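Undergrad: Residue strings, one per chain:
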Amino acid sequence: MAVMTGNITIQSCKPTDPQPSTADWKAHVRAEDFSVFYHRNEAVKKVTLDIPVGQVTAIIGPSGCGKSTLLRAINRMNDLIPGCHTTGLLALDGVDIYGPQIDVTALRRKVGMVFQKPNPFPKTVFDNVAYGPRIHGVRRRAHLAEIVERSCRQAALWEEVKDRLHENALGLSGGQQQRLCIARALAVEPELLLMDEPTSALDPIATDRIESLIAELRGRYTIAIVTHNMQQAARVSNLTAFMYMGELVEAAVTDRIFTNPQQRLTQEYITGRFG
Amino acid sequence: MQLASRKLIDRSFTGLSVFSIVLVAGALVIILTPIVGRGMGAVFFRGTVEHRQVQLDLFGHGRGEDIAAEVAAAEEARRQVYVLIAEFEQELADSIRARRQYAEAMEEVKAGLRELLGPFPGETPVLYRERYGQTRWDRAQIKLQRVLYAETYDYSDPTQMGQKVLTPRVEEFAGTSLEPLFTILPARLEEMLRPRPTFYWRFFTNTATADYSFGGIWPDILGTFYLTFWTILFAVPMGIISAIYLVEYAREGNRIVVLVRTCINTLAGVPSIVFGLFGLAFFINTLRVSEGRSVLAGSLTLALLILPLVIRSAEEAIRAVPHTYKEASLSLGAGQWRTIVRVILPAALPGVLTGVVISMGRAAGETAPIIFTAAVSVARPMGLWSGLSEPTHALPWSVYTLCTEHKTVDEIRHVQYGMVFTLVLMVLLLNSVAILLRARISRKLRG
Ligand SMILES: Nc1ncnc2c1ncn2[C@@H]1O[C@H](COP(=O)(O)OP(=O)(O)OP(=O)(O)O)[C@@H](O)[C@H]1O
Ligand SMILES: [Mg+2]
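Keeping their order, the protein sequence lines are chains C and U. Here our numbering is used: the first residue of the first sequence is 1, the next is one more, and so on. Here our numbering is used: the first residue of the second sequence is 1, the next is one more, and so on.
Please note that the accuracy of each hint is not assured.
Stated by the list, open to error - Capping the alpha-carbon separation at 25 Å, the derived lysine-lysine pairs in BS3-like fashion look like this:
| no. | chain 1 | residue 1 | chain 2 | residue 2 |
| --- | --- | --- | --- | --- |
| 1 | C | Lys110 | U | Lys326 |
| 2 | C | Lys117 | U | Lys407 |
| 3 | U | Lys110 | U | Lys407 |
| 4 | C | Lys162 | U | Lys164 |
| 5 | U | Lys407 | U | Lys143 |
| 6 | C | Lys117 | C | Lys162 |
| 7 | C | Lys26 | C | Lys46 |
| 8 | C | Lys26 | C | Lys45 |
| 9 | U | Lys326 | U | Lys444 |
| 10 | U | Lys143 | U | Lys110 |
| 11 | U | Lys110 | C | Lys117 |
| 12 | U | Lys143 | U | Lys164 |
As the list claims (entries may be wrong) - Computed Cβ-Cβ distance ranges for the label pairs, DEER-style:
| no. | chain 1 | residue 1 | chain 2 | residue 2 | range |
| --- | --- | --- | --- | --- | --- |
| 13 | C | His143 | U | Leu233 | 32 to 40 Å |
| 14 | U | Leu267 | C | Glu146 | 28 to 36 Å |
| 15 | C | Leu170 | U | Ser389 | 30 to 38 Å |
Please keep in mind that the hints were generated in silico from the structure rather than gathered at the bench. Please read all numbers here as calculations on a predicted model, not as lab measurements. We put the beta carbon where it would ideally sit given N, CA and C, even for glycine.
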């Protein structure tokens, strides 16, 4: 198992790349030659990547390149899919996520996830946010109410739902629902938040709110976000990883990727010449 | 394809669909109309003074003084009949010739009168059925005809079956002192029986005399309720757990799962009488859950019968729950079991519930499985818990025995129809409850 020590550098696939100025970023998640298979089909191919603590990492790439697969590997959501298995190393805080000792529910508690389509439970707003804490043993109503308020405030949702906490969450707008899902994920106090195209089902205004929310959460949480929207990646992330056909082509500080990509493929993709 | 021919096919298909819908609706109306119409006859009818007296004597309903007054008035009206009979009997006693001529007819007339008005003054028959006259005006009309006409059969034409011939008794008894009876009786029958529109809602809550001639069908309703209750209690948890296993735990293609599925499908196709025999052989003779027929054995058998129905509907309902709910729950660190209990089952509830209520209707209406395992015609009244090891009445069974084994079926047709009506009503009620519940829960889920 890999042990994290001191300062980690961001690796891109070519070892000859010049080092980006990320010397003091600590890796939260580290992948080394990490592959994910659906039966025979290798959807993620020998990816080596560090996701640094407290930063926003964007994963971009054309459809079907394995972005979601990589993201879902981090909280082992792929376990639900029959025939899905992994090779190589994927570690959270230096602990192998696919190791024999790992407690999957404890892992998922540390790694929250926000899905492409808002997916609140058909319960009240309150019960949605309180779901995680309740699962993890919080019983006292006052404590729960406190958690709900704090999470909703963090998700910039509180003002809109404070008077309708006991209405069904499915009555909220799409953007509100997505922020509710973020609040729900935050309520279990994860260290890491995975977001798989969190704004692709939303209108520009709702998207804007989610983006500023991500900006606010930066520093407190490590965030990994998959997006098809290049501007979004440029706006919200510190670090961008570009994937193509299951392989990691390039990962670097976001400004670098968008101004001075090292790979021709990356340049072609971000300038929209294919995809 | 040509546009014209496509249109033609389109149109004929529409026609066919409309036709089949009309056919189904028609069949439903044709089936339900007599059931409802005649079934209501058990509750709404013109009840005679005898009905009110039965209600008072057997069940303690009604005001004693009122009924006593009515009975007195009726007896006053009937007295003339009994005086005529007594006089004529005296005549017969005095004359051998008259006796030879009229004795037999006289007995018939007296028997008819007993059925119509109850026992003669001074008589106290043993059977309940013979202690009272006709309680319903419609039945009384029929009985009146039996008194007014002699029924004989004409066999003179050997090529045909015997023809029924009705001869008026007035002619038969012409010239005797009994002759006025046959004009007085129809003219004053209303005073003698005092019919009055009656709403006998106690039909549903009264117990019955052993042969159902008087009273209601409460024991049958209660028995059906108990059987259904226990059946659901046995079948639903099992069914839901099986459905959860099949959807959430079983790996598709696993041999055992394939086997289980085949078993469920086969079970669904087994004729219900086979379940009845199986219940007798297994639950009563092998496991000895009870001495003989019992609610326990019957409801276990019924539970087996409806199990595939419950499993299938629950399975479908659970499968219909969006995958995203499960993902969301798991991603928050919930285990699989908690995800099922807290998210999947609540979301599947409307569908599961619908399946449960439909199987309830099925369990309530099945006859064959309880013939050997639970139902009897004469049972003690009992409680939900204490009656578990006792045999019971049940609506479908009673409907069946009343029309196959009852001595005087014609007399209690209205009870039979009342039972059928109640059974249909119960099922309809269950279904509407299901629809309401389903609507309420889905509205809550949808927000
Ligand atoms: N459940 C699955 N079973 C088998 N193969 C799958 C499954 N999910 C994804 N794949 C395959 O894995 C590859 C990567 O899929 P993935 O969903 O990770 O792509 P993506 O980059 O997220 O695409 P998109 O941008 O369209 O969401 C694809 O070739 C896809 O066909
Ligand atoms: Mg994806």
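Undergrad: Are the Cα positions of Lys162(C) and Lys164(U) separated by 25 Å at most?
TA: 86 Å, violated
Undergrad: At the C-beta level, are Leu170(C) and Ser389(U) separated by a distance inside 30 to 38 Å?
TA: 49 Å, violated
Undergrad: Are the Cα positions of Lys407(U) and Lys143(U) separated by 25 Å at most?
TA: Holds. Lys407(U) to Lys143(U) sits at ~17 Å (cutoff 25 Å).
Undergrad: Honestly, do His143(C) and Leu233(U) meet the 32 to 40 Å range at C-beta?
TA: 38 Å, holds
Undergrad: Take the C-alpha atoms of Lys110(C) and Lys326(U), compute the straight-line distance between them, and say whether it is at most 25 Å.
TA: The hint holds at about 18 Å.
Undergrad: For Lys117(C) and Lys407(U), compute the direct alpha-carbon distance and say whether it is at most 25 Å.
TA: 70 Å, violated
Undergrad: Just to be careful, I want the Cα atoms of Lys326(U) and Lys444(U) compared with a cutoff of 25 Å; is the pair within it?
TA: Answer holds: Lys326(U) to Lys444(U) is near 19 Å, not above 25 Å.
Undergrad: Please verify whether Lys143(U) and Lys164(U) have alpha carbons no more than 25 Å apart.
TA: With Cα atoms ~17 Å apart, Lys143(U) and Lys164(U) stay inside 25 Å; holds.
Undergrad: Taking only the CA atoms, is the gap from Lys110(U) to Lys117(C) under or equal to 25 Å?
TA: Judged against 25 Å, a Cα distance of about 87 Å means the pair is violated.
Undergrad: Under the criterion that the straight-line Cα-Cα distance not exceed 25 Å, is the pair Lys26(C), Lys46(C) satisfied?
TA: The given pair, whose Cα atoms are some 21 Å apart, holds under the 25 Å limit.
Undergrad: Compare the distance between the alpha carbons of Lys26(C) and Lys45(C) with 25 Å, and conclude whether the hinted pair is satisfied.
TA: 24 Å, holds
Undergrad: Quick one, are Lys110(U) and Lys407(U) close enough, alpha carbons at most 25 Å?
TA: 21 Å, holds
Hints 2, 4, 11, 14, 15 from the earlier list are contradicted by this structure; the remaining hints agree with it.
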